[in-house]
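Q: Here is what each chain is made of, one letter per residue.
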Amino acid sequence: MRKQSRFILSVLAFGYAFLYIPLLSVIVYSFNDSRLATVWGGFSTRWYGELFRNEQILDATFLSFRIAATSATLATVFGTMAALMLVRFGRFRGRTLFSGMITAPLIIPEVITGLSLLLFFVTIQQWFGWPSQRGFSTITIAHTTFSMAYVAVIVRSRLSAMDQSLEEVAMDLGCRPARVIFDITLPLIAPAMVAGWLLAFTLSLDDLVIASFVSGPGANTLPMYIFSKVKLGVTPDVNALASLFILVVTVTLFAAWFLTNQREKKS
Amino acid sequence: MNSTRNPCFIRIRGVSKLFGDFVAVDNVDLDIAQGELFSILGGSGCGKTTLLRILAGFEKPTTGRVEIDGVDVTDIPAYDRPVNMMFQSYAIFPHMSVEKNIAYGLRKDKVARAEIAKWVDEVIELVQLGDFRKRNPEQLSGGQRQRVALARALIKRPKVLLLDEPLAALDKKLREHTQFELMNIQHELGITFVVVTHDQEEAMTLSTRIAVMDKGRLLQVGEPKEIYEYPETRFVADFIGTINTFDGQVSAVDEQHIHVDCETAGGDLLAFNEHELKPGDKVCIAVRPEKIFISREPPENNEDIRVKGTVDDLGYLGNLSLYRVRLESGKVILVSQQNRQRSAKRSIEWEEQIWVSWRPRSSIVLVN
Ligand SMILES: Nc1ncnc2c1ncn2[C@@H]1O[C@H](COP(=O)(O)OP(=O)(O)O)[C@@H](O)[C@H]1O
Ligand SMILES: [Mg+2]
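So the sequences go chain by chain: A and B.
Sequential numbering of the first sequence, starting at 1, is according to the numbering used here.
Sequential numbering of the second sequence, starting at 1, is according to the numbering used here.
You can take every hint at face value.
In silico DMTMM-like cross-links for lysine to aspartate or glutamate, where the CA-CA straight-line distance does not exceed 25 Å:
| id | chain 1 | residue 1 | chain 2 | residue 2 |
| --- | --- | --- | --- | --- |
| 1 | B | Lys-110 | A | Glu-167 |
| 2 | B | Lys-100 | A | Glu-167 |
| 3 | B | Lys-278 | B | Glu-255 |
| 4 | B | Lys-100 | A | Glu-168 |
Quick caveat, the hints were computed from the structure, so don't treat them as lab data.
Isolated chain A, as found in the complex:
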């Protein structure tokens, strides 16, 4: 019994070490005083200070967050609407097809999604003259299209798990169908929508491939900036940037966890 638990513990330790040592080393080296990323030269926070003096980094960060927040919000609205249509509005022609198609963006390789979106933007630019410049709007649209699928899947599973008689009771008690969505359905799927929003937010923040395809000159998201810097060799300020990134993602996840927990406790 003791032996076995020790064995399990060491397997667990190894697995977690594998996962977290790279992340930890990034954080540790972000406090490295040396200009060389791989040589320890004493403790310092100077790279963090340097980050905030770097215009390029600040711009990229601001752009990334704007895109993430906007696309997550749009994805949550559209994804929820899609899920509602698929689960709640009875059978219509081609429902099974649409039901399957909503999950397709989850398995299509990003390279292909990126390429097809780029071709799409180029084509409509030729026809309508918009978007004249690729950047914030094109990346936001691109991120919305693929993260919307994630939101739809999350919300759909929550919807189908929900007791449909709750909505029927509301109607039985005199509530019009359109109003039932706001009184009953949305409050009950809110945790799934919040989870969907946070997932869409992190997906967007995280995305390098699709953004690279649909972005134009001068519009660099944070991952694009980091990637281009790393190509010239890892510098300590990139470590600091990555550490902050990890911090933001961790805080977001904790917020999500806290929010959903609180909702569940209440309901």
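Given the structure of chain A, go ahead and fit chain B with the ligands onto it with the hints provided.
A: Coordinates of chain B with the ligands only, in the frame set by chain A:
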């Protein structure tokens, strides 16, 4: 008082419901009177819930019409019907407190705040939820949830309250208690209740009348006593209580009686001729276990039907004794006797040769 009540308060005419090819409700005609506590009784999957949902307005009948209080409601959506339904799952809104759940229906009707508060107080008192009004649903027991669901539906003072298996989710003890509460509330408010249940005992105790349903059809509608003592079909006879059946053929008919030759009874069984049968008709004679007497000596009354048998098995239930009696034909029947005498000794033992007998009146004749 009965005479002022509308006997066709709910009028269901030729209602069928098809899901694809599957017939869930099959050409149902039914009248329910105002103030009744009416039960729809049937096995699982027989279409009870579907019929109730048609009354509530959640399903549109494929054919047929539904009238409530003289108004054809067939095309009126659920939210405009003067009807409320209590769901089998109770379906308490998880994101609202007990109070908010109960007030929901009145809020939707744009009733004034003060008015709502008054009604909520009243109905909470009625279902005895006073200590729980601020609670959240997940803090409630099954019985309390049932009361919230009931209160939420009652507060709208519907003309008809539909209850889908209102007690099925409760444990046995609570079920019996709640049953009587339901009856009291119904009596107090005078609202017409339509209850769906698969529990025949529950239906018998609760209802003024019962409709027995099978495979989407109504087999028989009547008072509990009628259904029990005068079942019209074998299904109904079997479904309500226990019954012994003997298949046979009418051998002779006199002014009042028919003689039915039943192989399994080892001879003729006597019954009243209520169906104007002729010799040669195939019928089934059915007898309830408690209508049968059991004795060591041959029964004296010559009118009675008597058959010889041996006691295969017996069980003592306190108020009753149950006997499984093997007749000479090999058929086993069930007999129950009240234990009228206080005695530690058994009057009849295993493997004992005995007579069973019953009055011709007690023979139920089932045609086809
Ligand atoms: N929406 C539906 N679509 C298809 N079949 C249904 C639907 N609702 C009920 N049924 C079928 O109709 C039959 C009767 O169902 P129901 O009325 O719920 O039975 P009960 O309440 O008597 O158990 C069942 O066989 C069920 O599978
Ligand atoms: Mg049912």
